[in-house]
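Chemist: Taken in sequence, the protein lines are chains A and B.
At position 160 of the first sequence the residue is numbered 160 (the numbering used here), and the sequence of numbers has no breaks.
Heads up, the numbering used here is the position in the second sequence plus 186, with the first residue counted as 1.
Watch out, some of these pointers could steer you wrong.
Estimated spans, in silico, between C-beta atoms of each pair [claimed, not checked]:
1) B:Asp-321 with A:Gln-72: 31 to 39 Å
2) B:Gly-422 with A:Asp-99: 31 to 39 Å
3) A:Ser-97 with B:Pro-792: 38 to 46 Å
4) B:Arg-614 with A:Gln-72: 54 to 62 Å
No lab work stands behind these hints, which were simulated from the structure alone.
Quick caveat, the model's predicted, so the values are computed rather than measured.
The C-beta atom is built at its ideal place from N, Cα and C for all residues, glycine as well.
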Amino acid sequence: MSHSPHSQPPVRPVPAGAVRIACTINGQAREFVAAPMRRLIDVLRDDLGLVGTKEGCGEGECGACSILLDGQPVNSCLIPAIQVQGANLTTIEGLASRDTFNKTVLHPVQQAFLEHGGAQCGICTPGMIVTAAWMVQTGQPAADVPKVLAGNLCRCTGYAHIVTSVQAAVEAGQAAGLTERPAGEA
Amino acid sequence: MSDKTAPGKPHVGSQMIRTDGRDKVLGLTQYVDDEAFSGWHGATVRSPVARGRIRSIRFLEGPDWRQFVIVDARDIPRFAHSIHGADASHGPAEAGQTADVDLNIVKMIVDDQPYLVRDEIRHKHEAVVLLAHPDRDLVRWAATRVHIEVEPLPAVLDYRQQASPAQIQHGKDNIFKAYSLRKGAGEQEDLWQKVLADATHVVSGVYETGAQEQAYIEPQGIVAHVELAPEDEAHGRWPQKPFHVHIRGSMQCPYYVHNAMKHLFNQPDDRIQIVQTATGGGFGGKEDYPSIIAGHAALLSWKARQPVKMIYDRVEDMQSTTKRHPCQTRLTTALDAQGRLLALEAQVLMDGGAYVTLSPVVLSRGTIHAAGPYSIDHVRIDAKVVLSNTAPNGAFRGFGAPQTIFAMERHLDRCAKQVGISPAEIRRQNLIEPGQSLATGQVIREPVALRQWMQQTMDALNYEEKRANYKAFNDQQLRTGGPLRRGVGLATFMHGCGFTGSGEVWLDSIVKVRVASDGVVEVCAANTEMGQGAQTVFTAIAADALGLDTDQIRVIQPDTDQVPNSGPTVASRTSMVVGHLVAKACDDLVRQVEEKGLLTGARLLPSQAPISEQSDGRGRRYAAADLQAALRQLPGLQGWARYQPPPGVIWDDQTYKGVAYGTYGWACYAADVQVDTTTMEVRLLDFVAGQEVGRVLHPLLAAGQIIGGVVQGIGWALWEDVVLDAQGGMANANLTTYVLPTMADVPEIRTLFQEQPYGYGPFGAKGIGELPMDGPAPAVINAVAMALDCDICSIPATPERLLELSMRPEGTSA
Ligand code: FES
Ligand code: FES
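Take the sequences, apply the hints, and build the full model.
Modeler: Listed below in structure tokens is the structure:
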């Protein structure tokens, strides 16, 4: 077996054909260099340090990597980096806001998950919450929760407390006229 | 995090906000792959066949192999001193010396599984070569550029078939473990035959359950850092001087990993540090397997002289980690004319996979639960778990019990049909009462009221009325050519809490609490939070045991440098067994503060509920402000508790007689289904899960645990199908073709709790984690069997299988 002497650490190859991509993430202008087909989830997690977005399957099945791309929920494991050129992205890190004392204020969906037991192990939670936040923002009916969130898998909760969390947030959002906030404002 | 409980009010039984909740909803919780890391990435090259001898390993063109660190079995010393030996040294044997230790062994129950194949491949996707490189994508690609040439050997691909001599790989007969249990006439053949001869009905059946993937949404992952002595840094050899192994990762049982690393690296306890990072689900899948990834990452780290991270992707995780044991159960029961069970014979056969791992204990639990919560005078159970050349099967919530309970509960419905009574009636006839004994001879002393609890579940589902209506509905559909059929189904069952028999004594769990410099009481236990709420429950228990608010309690991250060994996070033991120790350690802390005279004159709260019968009935709590003031003067003070068995827990491992568990959770579940016979799609209309689990420590978390378990059970019954390829590898190792329940597939699961405080759990709590996995499959399948009026005896009952079954002639089963 060839055992490598590694006196010189190998150099990370510069991705061939890398391009400069500019977009807005959680309300901030960001720029990065990436191979056009690099997965958005890798850009977010590895290049930009936004590790709140999770990878559960890497093939568009589990929804743990859900983010909002120009206001629409997408699986970031299926999006090539080049597709977000000029786009507006919201990740789990962009939902909470700050009050005048600079304290974190949970997004209504986050608050609902906390109160209704929507998060157990927490690994599906960012994807669930981002998708649910889209439901609140766009005023989706509470009755549609199971249909809309069927693309987000959770192995811990059996879903019941996620459903009650999201429905509570959707109903509260409608009551408070919270729907249709411009993306990124949160 | 503050909570909704008013000051001085108990936290146990309240809806306090979970302590890890805020970080989780904000996406701030750091799982192993989220932590800042600078080091190399590891990948695993796996075997392409079920069984064979390695002929050659070829490194194909493409990667610049000089940039990679490569580890195979030849890197791991075969001979070394055992650290348990009298002349314990921390390096390998000197030249010319022979000792009898192969370090390439994953320490569990039997020393048969290597970290890396040395001679013979035993299953497809078994680890053969490890690679490390600074670039994650590159190392994953490189792993596909290694070719392993194998000379095939005869493999066992169906555990149900008798192995031929050429297929024998374990002992004389490929049997990993066998148990026999006998009760009453079960001990004697002639008496047994007489019981059978005198019975009005004798009913037999063969029941099969499939493998199941745990499918935690966070795949397995470990970061290892081996810190070598400077002398060893320079060489590529196995270290000669003592060194440190640090492991961080996703796991259920830090001390299992600790033990495994201790043996792999032949180092004493204090040179191994294992830290559990936030864990995104486990369900048994992260009970023993993390030891293997930890070993792989640490081997690479040793050789690369770099921290090494190994994160499995979903496909690799599903292909190579453990599954629920497939199981075949043959049952024969003798009944009288009223449907009373006179005798039960069970032959249980489980598929262990390629190595022993946890199979003996999984089989044990399956054996003990096979006769269900029924009073049966004469019992014979023979159980064995055998080798097959697939990835080892291992722990999955329920741990062998769901398999045998499925068989028994399906069988009872078939018996009822033969006797001519209803499924509810046959259960009423046989459910155990206080003073009667289980199959192990254990006499039930708790005030169980199973008939009443079953009735409550039935009433909640409106079972009797639906049963009558659905019969009429199905007849009408049949007459009019309608495609729909409906049915309701029941399952009654129990689940033993904690390790079996003397297991808890053997574990000898210890919990420590200590006063931090800020006066906060820190709970130090090895039990892990993986979503079930252990951290929250420990916080509530400690707060109430001390009479403090929850912000005066901190449950510290499990780190073997910081926490004593309070045992693994498995077997429905964390809240009941370890939670009890948390409470007792708090009690010990207060006793010491009292002894120091710092509580003289402190205000006492009105007398509170004692922690348990074992904690000398002391219900004394001090006013929080006074205790806090005293604790602030005593930073570093420690309270300790060590496990003591409840009185009367005596178990005989040889005869399988005695008290198998100190207590049980008891349950009756009911399902309501509709089947569309055009597509054979089964839709759940309603589901009620009723259980007695002692005092409920946190209603919302408890309901979350039950509902989560129920949905896993429904998935196992209907959709989750592990398909093997011709080499025994998982053919559908992805979440697209291995179908998990989604939010759109399940109805609202309704939970009912009966609470009978258990004297030896904290504030009366029992274990709860696994119970909900046991009942859903038989309840759902009993309902589907009623709907289709057919004899379903195996799961998963996928639409394809139901279609096949409905086209079979009457009376044949599948
Ligand atoms: S990781 Fe993107 S859908 Fe699963
Ligand atoms: S909370 Fe664990 S996967 Fe959803």
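Chemist: State for each hint whether it applies.
Modeler: Now for the hints, and whether the structure bears them out:
1. B:Asp-321 with A:Gln-72: 31 to 39 Å: 32 Å, holds
2. B:Gly-422 with A:Asp-99: 31 to 39 Å: Given about 56 Å between the Cβ atoms, the range is violated.
3. A:Ser-97 with B:Pro-792: 38 to 46 Å: The hinted range 38 to 46 Å holds for Ser-97 of chain A and Pro-792 of chain B, with Cβ atoms some 43 Å apart.
4. B:Arg-614 with A:Gln-72: 54 to 62 Å: Taking Cβ atoms as reference, Arg-614 of chain B and Gln-72 of chain A lie about 55 Å apart, which means the hint holds.
Consistency note: the structure conflicts with earlier hint 2 alone.
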